[in-house]
Amino acid sequence: MATHPGGLTKAPPAVRTRRLVRRFGERTVLKDIDLDLAQGEFTALLGRSGSGKSTLLRAVARLDHGVEGTGELVVPERVSLSFQDSRLLPWLRVLDNVVLGLRGPGTRERGLTALEEVGLAGRDRSWPHELSGGEQQRAALARALVHDPELLLADEPFGALDALTRIKMHGLLRELYERHRPAVLLVTHDVDEAVELADRVLVLEDGLISLDMPIDLPTPRSRRDPRFQEYRDALLTALGVTTPSAAPHDSPKEKPHVPNV
Amino acid sequence: MTEALTPARTSRGLDVADAPRTARVTKPFTPPEAGGTLPPGTGGGTGRRAGKGGDGRGRRLGPGRPVPFGRLLGPALLLAAWWAASSAGVLDPRILSHPWSVVSTAVELVADGRLQGNVLISLQRAGLGLLFGVVAGVALAVVAGLSRTGEYLVDGPLQIKRAIPSLAMLPLLILWLGIGEDMKVTVIALGVAVNMYINTYASLTGIDSRHVELAEVLRLSRWRFVRKVVIPGSLPGFFVGLRLGVTSSWLGLIVVEQINATSGIGYMMFQAQQYAQSDVIVVGLVAYGVFGFASDALVRAIERRALSWRRTLAG
Ligand SMILES: Nc1ncnc2c1ncn2[C@@H]1O[C@H](COP(=O)(O)OP(=O)(O)OP(=O)(O)O)[C@@H](O)[C@H]1O
Ligand SMILES: [Mg+2]
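Going down the list, the sequences are from chains A and B. Each residue of the first sequence is one higher than the one before, starting from 1 at the first, in our numbering. Each residue of the second sequence is one higher than the one before, starting from 1001 at the first, in our numbering.
Calculated directly from the structure, the hints in this document are not laboratory data. For glycine and all other residues, C-beta sits at the position ideal for the given N, C-alpha and C. Where hints are given, some of them may not hold.
[What the hints assert, rightly or not] Which residues of chain B face chain A? A few of them, derived with a C-beta cut under 10 Å, are:
hint : residue
1    : 1150
2    : 1179
3    : 1182
4    : 1183
5    : 1224
6    : 1226
7    : 1235
8    : 1300
9    : 1302
10   : 1303
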């Protein structure tokens, strides 16, 4: 398994934007975003609140009709976007929500398989309000994956979850990613989440991608791994948070160095 | 385990919010009830509130569980009071007949076929008016809700029409359509259509933009979007409109049947007035009441089935 396509890629990219610009009135939220995502690459997007992460995601999903681009925006055919809220339609049962965008024969079966994959087998006849928050998130994930996307855009999919459910969902997402291999762009506030899940982490700041860091760790990643801590500290520094106090289990061996920024 | 539960955050605010949760997880075997430090009303203290709140599971603010046919209680009490007052002689029969004489009059009217004939005619008028009104109102609401051009063309006139009671248009409608069935059905349909339009349109434009965005992400076709998002999303308003529309159809019916009618419940009552037959008038009123009540109950029942996905105060 070639897990780290990193910055250099041979295959044509799944996503390619050049000089993407988005203005809201006077404010320029995205300035000249140049972004390349390789096929099957798992990328996390970090940034402060209001830095334009959702705006970038909406632009890549072609939901935003107000983006200007002096350059190009190349996106694969099958794109799935999962929103920060689970956004299930309350008047459709869970299965009908999952297969909402599907058509043709075998729709039901595909929906049931997707529900099974996220651990919701047998809940297909439930109403969304009968599911717990985490189950709703998983149903939303099933809805995104049922299209077998080449690109999965996920806007803080675990934002509203408690710490324990989050950990379970991380495992699930990584597992589903290994199985389906879409390119993933995951927006998150959580540095640990980014280092744990992604092959590459981007930081968005002042409308530009200020940091592009490949994460070179074997995949079942432990947060106790000192190298994990190094990546984490480097990212926190890039985000403007002073680090050493934030890390309680600091390995005393050496000063953390910033890996190939 | 504990380490995994304290993720470092980019924002300091989140760190603070997480601290108590972590603390609780590390010592999970002290049930909060045992401490006795909880403020009253958080659960636990069953004995203290058993007398007042029943099972003491905490005060519920909703109205409680529904009882089958409970809705009939009010009308039944009203009927009992009327019966009692008439039997006791408090109620002069010239003002309001005894329920029993109303019943026997009704039996007579049924025997000579007058009641059924008039009721059927009235039902037909109300039904046709309701049908045309609902179709027109919903169609206009969909047109106005889904396209800007539709909104600009349709909404203004209907808001103006809303301000003019259908009955105020009666003279004009009589001029245009005569005094026949066309005019009667049109008057009823106009009232219904406005109610349907106002409520369906409001509900339709109130559909969450996030649901619309979802439909765009999933690349739903226009038709599928209407079927899966627009129609279910505007159903609550549709039913509010339908209930108001049903009421307004009876209202319109009563009015048009008092004007130059030669059949129908209203005509029957009008005739009775000429001969001072208060029992026949009451039979007519009861007929209106029964149909009004029954039709509203029917709409409610349909609404409950169609909106079973909703969790509301009424339950
Ligand atoms: N429709 C809009 N109209 C005006 N300004 C907008 C609009 N959408 C976003 N913005 C602005 O663009 C900036 C970036 O918004 P965006 O939602 O992309 O932030 P974000 O990085 O996703 O933040 P968060 O982490 O809090 O979700 C914000 O300052 C926001 O006020
Ligand atoms: Mg956002």
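Evaluated hints:
no.	hint	verdict
1	1150	violated (21 Å)
2	1179	violated (45 Å)
3	1182	violated (39 Å)
4	1183	violated (40 Å)
5	1224	holds (8 Å)
6	1226	violated (13 Å)
7	1235	holds (8 Å)
8	1300	violated (18 Å)
9	1302	violated (15 Å)
10	1303	violated (13 Å)
Of the numbered hints listed earlier, those contradicted by the structure are 1, 2, 3, 4, 6, 8, 9, 10.
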